[in-house]
Amino acid sequence: METAEGTRARNRRAAWFTHGWLALGVLAFAFPIWLTLMGSTHDASTIGRGDVPLLPGPHAAENYAQAWGVGGGRYMGVPAGTMLLNSLVMALLIALGKIAISLTSAYAVVFFRFPGRMLAFWLIFITLMLPVEVRIIPTFQVMVSLDMINTMQGLVVPLIASATATLLFRQFFLTIPDEYVEAAKIDGAGPLRFFKDVALPLSVTNIAALFVILFIYGWNQYLWPLLIVNDRSLETVIVGLTKMIGGGDTQNEWNVIMATAVLALLPPVLVVVLMQRWFVKGLTETEK
Amino acid sequence: MATLALRDITKSFGATHVLHGVSLDVAEGEMIVIVGASGCGKSTLLRIVAGLETETSGAVVIGGQDVTGLEPADRDVAMVFQNYALYPHMSVFGNMAYGLKIRGLPKPEIERRVGEAARLLGIEALLERRPRQLSGGQRQRVAMGRAIVREPKLFLFDEPLSNLDAKLRVQMRAEIRRLQKRLGVTSLFVTHDQVEAMTLGDRLVVMHQGHAAQIATPMEIWAKPADTYVAGFIGSPAMNFIPATLGHGGHVATLAGGLALPMPGRMGTDGQGVTIGIRPEHLRPGMGGLEAVVELVEPLGSEAVLHARLADGSPLTARLPGILHGEGRLGLVLPLESLHIFDAASGRRLESAG
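Chains as they are written, first to last, in the numbering used here: chain H, 8 to 295; chain R, 110 to 463.
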């Protein structure tokens, strides 16, 4: 069967092509992380010499111990443990706060008829188009006036409203059939009851998916924490990491920096890995 | 169990008038079917009774109590929706118990009622399942169960059978009727299916463009339709309509083809236009009646539906017993006792004035 042979050969070629292409993609993503990982296992002088080690070295334990407990770099800064905790609290507060606020505001916009409803929705929608950087100076001014500089609230509150999440929940709520609302009305469930018993349980997968996205969004915040926090005990790991890199006048402790970078990688990775199932479900599945 | 009274209900959505004053009195335990084509306002009427829609004017009285303006929950009604509206994240038990839980019934009472309803409907084995894991018929039963456990004054059905396949629909239809009789709960049932309407209802409300065209028992509607719309809507295949003119002092109707039909009495004035209605199953083959050309024969086993045309090209449908029917010319007689006479202008049924 020559044609069958031809089909098989073509399939093989296609498989090679796709796999080769995928491997290239993986390499592009994974190689920098590999470098970081390897760099964190050598001593400062190895990297200082300009070597880029591709294989693990013997100093992993001491590098990580220093990064976790003492810190390093230009200012001999904050231990990674503290920074990670700060980042974690901030990212969690931002993610949960965003979900709570956007969930309730989307619920209000979809299920209630009140004057100015569409106006409220459009105002939320329009802020989608404004990146944080655009309003950063007035926001900073407001935070100063509210005396929230150098506080966790100051770190979190300006980032806690999310137009994107509101829009997403609104779209989801719109897919909830009117009959559920009507059945609940006949069952005697008020708006809060319906929210707690029907709308919220139905949105669980969406909430989980959003949590992953928003947690990483919060974790990766750089500009705002850099501005609002000078108190180093409140420093987040992303900001702290850049502060460890000097201006060139002294040698950077690249080994400790890379160890800190690896530590900074772990929580988001953990969140993604643990919630992957929910994440995919929330983005693809509509359970009706 | 309660009576229901609708007093001159009207409803407008902006400038669109959906209901033009519908009044209805429902006796205790009665099953009323509201039937009509889509857009006739039948669902709106049901939703007004449920309290999901607010009437523009008129009143809804349930069990002697005026519930106009009350929230659905305060009307003590239960509703079965077309798509069942079962909460997908709750088990069958959870779905059925939800309304009771909100009303704050004690747990043993909830379990007793749900258990009883489940036994009645034969879904005891499904109580732990999610709606997603159920077949269409089972979901339908759960939706019924949710209504039953509430022990409401009124059942409201909004086309609950239209999502089922044909066989299941017939089965569930009988089941709903049996259940309703057994529980004796006053019910309103909305459907667009005339067979469903005929078989389910103690009485029918035939809706047409926001009016109740006729409110009567199924057989009364079939035998004496109040106007041409009702006559054409109830019965399958639909009734044939042939225009005619009265003469001889209103005692004879002459068809366009020249055929003169004696009327049972004086139907109107000479020269008045009337519409003669005859059901396809009442036409008989024979000479001295209408001359038709059969264009299509639909054999149904013991009988056949013949699609024919009269000399002037107007269509005529006949349902004749037997299977040996061919295309071609056919003479059909109109038995006088089976004729329905309607006023051509208003479409209203005409009765002999002696």
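Among these hints, one or two may not hold up.
[Stated by the list, open to error] In silico contact screen, one side only, chain R against chain H (beta carbon under 10 Å); selected entries:
#1 R255
#2 A256
#3 E260
#4 K262
#5 D267
#6 W331
#7 A335
#8 G366
#9 L368
Hints in this document: simulated from the structure, not taken from any laboratory.
Just so it is clear, CB atoms sit at the ideal spot from N, CA and C, and this is done for glycine as well.
Which numbered hints are broken by the structure, listed smallest first? Checked against the structure, the hints that fail are numbers 3, 4, 6, 7, 8, 9, while the rest are satisfied.
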